[in-house]
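Each chain, written out:
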Amino acid sequence: AQRVTQPEKLLSVFKGAPVELKCNYSYSGSPELFWYVQYSRQRLQLLLRHISRESIKGFTADLNKGETSFHLKKPFAQEEDSAMYYCALKSGTASKLTFGTGTRLQVTL
Amino acid sequence: DVKVTQSSRYLVKRTGEKVFLECVQDMDHENMFWYRQDPGLGLRLIYFSYDVKMKEKGDIPEGYSVSREKKERFSLILESASTNQTSMYLCASAKHRGLEKLFFGSGTQLSVL
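Here the protein sequences come in this chain order: A and B. Residue numbers for the first sequence follow the working numbering, so the first one is 1 and each next one is one higher. Residue numbers for the second sequence follow the working numbering, so the first one is 110 and each next one is one higher.
Chain B on its own, in the form it takes in the complex:
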């Protein structure tokens, strides 16, 4: 089965720090996504990418950037972490743009103090 691996399960950072969240998938999927999951707000799309070096803004891109230098790796960057970015971050991948099925990572719980 497809494996989507997020580098950290829990992360604690201080306000103003630069934060990198890494995601790697092992099935040669074209599409990769970053969502944040908050109670009562569901999943909200931050950024997505449908090819190497390509990126598209999702619904809440402010305060975030992404990098996709290799097909298997999609990084989420918080340039200057703020407390309102405390959240569960989920990475996902899909083979085709039809998005027949998204495969999710186990998530990174980020706390910004």
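Pulled out of the complex, with its shape left as it was, chain A reads as follows:
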């Protein structure tokens, strides 16, 4: 069965510090990984997809199949990055996403 693990419920960093939100997955085939974000009082929205290999709002994530990880990184945290972050997995031809339990990022001055 597919599974997404986000080991940290809360990550607190200072403004300007590097950020790494961890995500590990279990799936035997070729996964597609996503990061979704929910800012305060806003809807959950897509942040980035591993297939796109893009950087959104300074965030990047690399799929590491050897370590089955898809960690989200940003070199310098900003206050506006404070939000709930969810890692999600789409397996093969399945038409559904499996989400992790989420990590709350708190950026303080």
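Keep in mind that the hints were calculated from the coordinates and are not lab data. From a predicted model like this one, the values you see are computed outputs, not experimental measurements. Incorrect hints may have been included.
[Unchecked claim] In the DSS-like style, the derived pairs of lysine-lysine whose C-alpha atoms are separated by at most 27 angstroms in a straight line are:
| id | chain 1 | residue 1 | chain 2 | residue 2 |
| --- | --- | --- | --- | --- |
| 1 | A | 22 | A | 57 |
| 2 | B | 112 | A | 65 |
| 3 | B | 162 | B | 204 |
| 4 | B | 210 | A | 73 |
| 5 | A | 22 | B | 162 |
| 6 | A | 57 | B | 162 |
| 7 | B | 204 | A | 9 |
| 8 | B | 210 | A | 57 |
| 9 | A | 9 | B | 210 |
[What the hints assert, rightly or not] Covered stretches of chain A (chain B as the covering partner; in silico rule of three or more C-beta atoms under 8 angstroms from a C-beta of chain B):
| id | region |
| --- | --- |
| 10 | 38-49 |
| 11 | 95-108 |
[Claimed, not checked] What follows is a list of derived Cβ distance ranges for each label pair:
| id | chain 1 | residue 1 | chain 2 | residue 2 | range |
| --- | --- | --- | --- | --- | --- |
| 12 | B | 209 | A | 66 | 42 to 52 angstroms |
| 13 | B | 207 | A | 55 | 18 to 28 angstroms |
| 14 | A | 45 | B | 168 | 17 to 27 angstroms |
| 15 | B | 122 | A | 66 | 45 to 55 angstroms |
| 16 | A | 79 | B | 189 | 39 to 49 angstroms |
| 17 | B | 169 | A | 109 | 35 to 45 angstroms |
| 18 | A | 28 | B | 165 | 15 to 25 angstroms |
| 19 | B | 195 | A | 58 | 35 to 45 angstroms |
Note that CB positions come from ideal geometry on N, CA and C, so glycine has one too.
With the hints as your guide, set chain B onto chain A.
Chain B alone, transformed into the frame defined by chain A:
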């Protein structure tokens, strides 16, 4: 941009009541989903649908059913509400089965007393 609208932002119901949660999307998306969001448990998929009158069980379908009579509308039904169904319910839609991007509604906070 895509609009996914959930009919109620807050709902309070009594144990045993039948509860309907409605979701409408305005961009002709094929796929629609119902998740529940609980602190510490993240998002868990209840049911999804990839076409009118089609439905598939998600990871936690027990105690729920769904209806998709029209492409734009996907309803979640709690046949007999229980206190452990108190939760935030999120509806989402996606244009294709590739799920390149899910669009979420603003959520319905359901309290079952």
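Verification of the supplied hints:
no.	hint	verdict
1	A/22 to A/57	holds (18 angstroms)
2	B/112 to A/65	violated (35 angstroms)
3	B/162 to B/204	holds (17 angstroms)
4	B/210 to A/73	holds (20 angstroms)
5	A/22 to B/162	violated (38 angstroms)
6	A/57 to B/162	violated (39 angstroms)
7	B/204 to A/9	violated (31 angstroms)
8	B/210 to A/57	holds (17 angstroms)
9	A/9 to B/210	holds (24 angstroms)
10	38-49	holds (count 5)
11	95-108	holds (count 8)
12	B/209 to A/66: 42 to 52 angstroms	violated (25 angstroms)
13	B/207 to A/55: 18 to 28 angstroms	holds (22 angstroms)
14	A/45 to B/168: 17 to 27 angstroms	holds (22 angstroms)
15	B/122 to A/66: 45 to 55 angstroms	holds (48 angstroms)
16	A/79 to B/189: 39 to 49 angstroms	holds (45 angstroms)
17	B/169 to A/109: 35 to 45 angstroms	holds (40 angstroms)
18	A/28 to B/165: 15 to 25 angstroms	holds (21 angstroms)
19	B/195 to A/58: 35 to 45 angstroms	holds (37 angstroms)
Of the numbered hints given earlier, the model fails hints 2, 5, 6, 7, 12; all others are met.
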